[in-house]
Amino acid sequence: MKNLVILISGSGSNMAAILRTAQRDDWATRYQARVAAVISNKPTAKGLVFAHAQGLTTAVVNHQDFAQAADPRTAFDAALMAEIDQHAPCLVLLAGFMRILTPGFVAHYEGRLINIHPSLLPAFTGLHTHQRALDEGCQFAGATVHRVTAKLDHGEILAQAVVPVLPGDSAATLAARVLTQEHLMYPRVVAQLLQQAA
Numbered sequence: 001m002k003n004l005v006i007l008i009s010g011s012g013s014n015m016a017a018i019l020r021t022a023q024r025d026d027w028a029t030r031y032q033a034r035v036a037a038v039i040s041n042k043p044t045a046k047g048l049v050f051a052h053a054q055g056l057t058t059a060v061v062n063h064q065d066f067a068q069a070a071d072p073r074t075a076f077d078a079a080l081m082a083e084i085d086q087h088a089p090c091l092v093l094l095a096g097f098m099r100i101l102t103p104g105f106v107a108h109y110e111g112r113l114i115n116i117h118p119s120l121l122p123a124f125t126g127l128h129t130h131q132r133a134l135d136e137g138c139q140f141a142g143a144t145v146h147r148v149t150a151k152l153d154h155g156e157i158l159a160q161a162v163v164p165v166l167p168g169d170s171a172a173t174l175a176a177r178v179l180t181q182e183h184l185m186y187p188r189v190v191a192q193l194l195q196q197a198a
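The working numbering numbers the first residue of the sequence shown as 1 and each following residue consecutively.
Please note that a few of the clues may not be correct.
[Unchecked claim] Quick list of in silico lysine-lysine cross-link-like pairs, DSBU-like style, CA-CA up to 30 Å: (1) Lys42 x Lys151; (2) Lys2 x Lys42; (3) Lys46 x Lys2; (4) Lys46 x Lys151; (5) Lys151 x Lys2.
FYI, nobody ran anything at the bench for these hints, they're computed from the structure.
Remember, it's a predicted structure, so these values are computed and weren't measured experimentally.
Take these sequences, add in the hints, and give me the full structure.
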């Protein structure tokens, strides 16, 4: 069985979309794949409640627990890797995981680490993507699924969804429309990757 581990920091809406698609399309039979665990760096992440209700294994590796370490980021990433590796994942899916990962972590999961970013990369890496798109007068926004490299929001682009910017859009309305497309695109890309790995 191919194990998927999903990392979240908040509501986990993309995690939920992946899980629903896996159940609806019977990934267990079709790809011999399953979501093995959902892990968060925040104990209050609402997505953990949803994942637990679905019978999934959940875990918290709280980044704040490592604040006193000599190198907090490296110490956190080492603990996170130990938690992830218990599940021998074929893919590690970042779904609203709001941590910048160390090069060592990225190298450990090279080729298996996937992220979704709410812009049409390479435009608007980092945060506040929707407001920045509006500030620049963009006519289109969107989202990108990409492989993770040590450079933030770079790496091979696997898919993009384009969303028009409408007159009167705010960052919130644009974000909501982009998120709808994210929920369609991310599970589709994961399914394609699983099919290629079959």
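Holds or violated: Lys42 with Lys151, Cα cutoff 30 Å?
holds, 24 Å
Hinted pair Lys151 and Lys2, Cα distance within 30 Å
Given that 30 Å is the threshold and the Cα spacing comes to 27 Å, the pair holds.
Next pair to validate is Lys46 with Lys2; report whether the Cα-Cα distance is within 30 Å.
Within the cut-off at roughly 26 Å; holds.
So if I understand the rule, the pair passes when the alpha-carbon distance is 30 Å or less; does Lys2 with Lys42 pass?
holds, 26 Å
Lys46 and Lys151: Cα distance at most 30 Å?
Holds, at about 28 Å.
Hint compliance for this structure: every hint is met.
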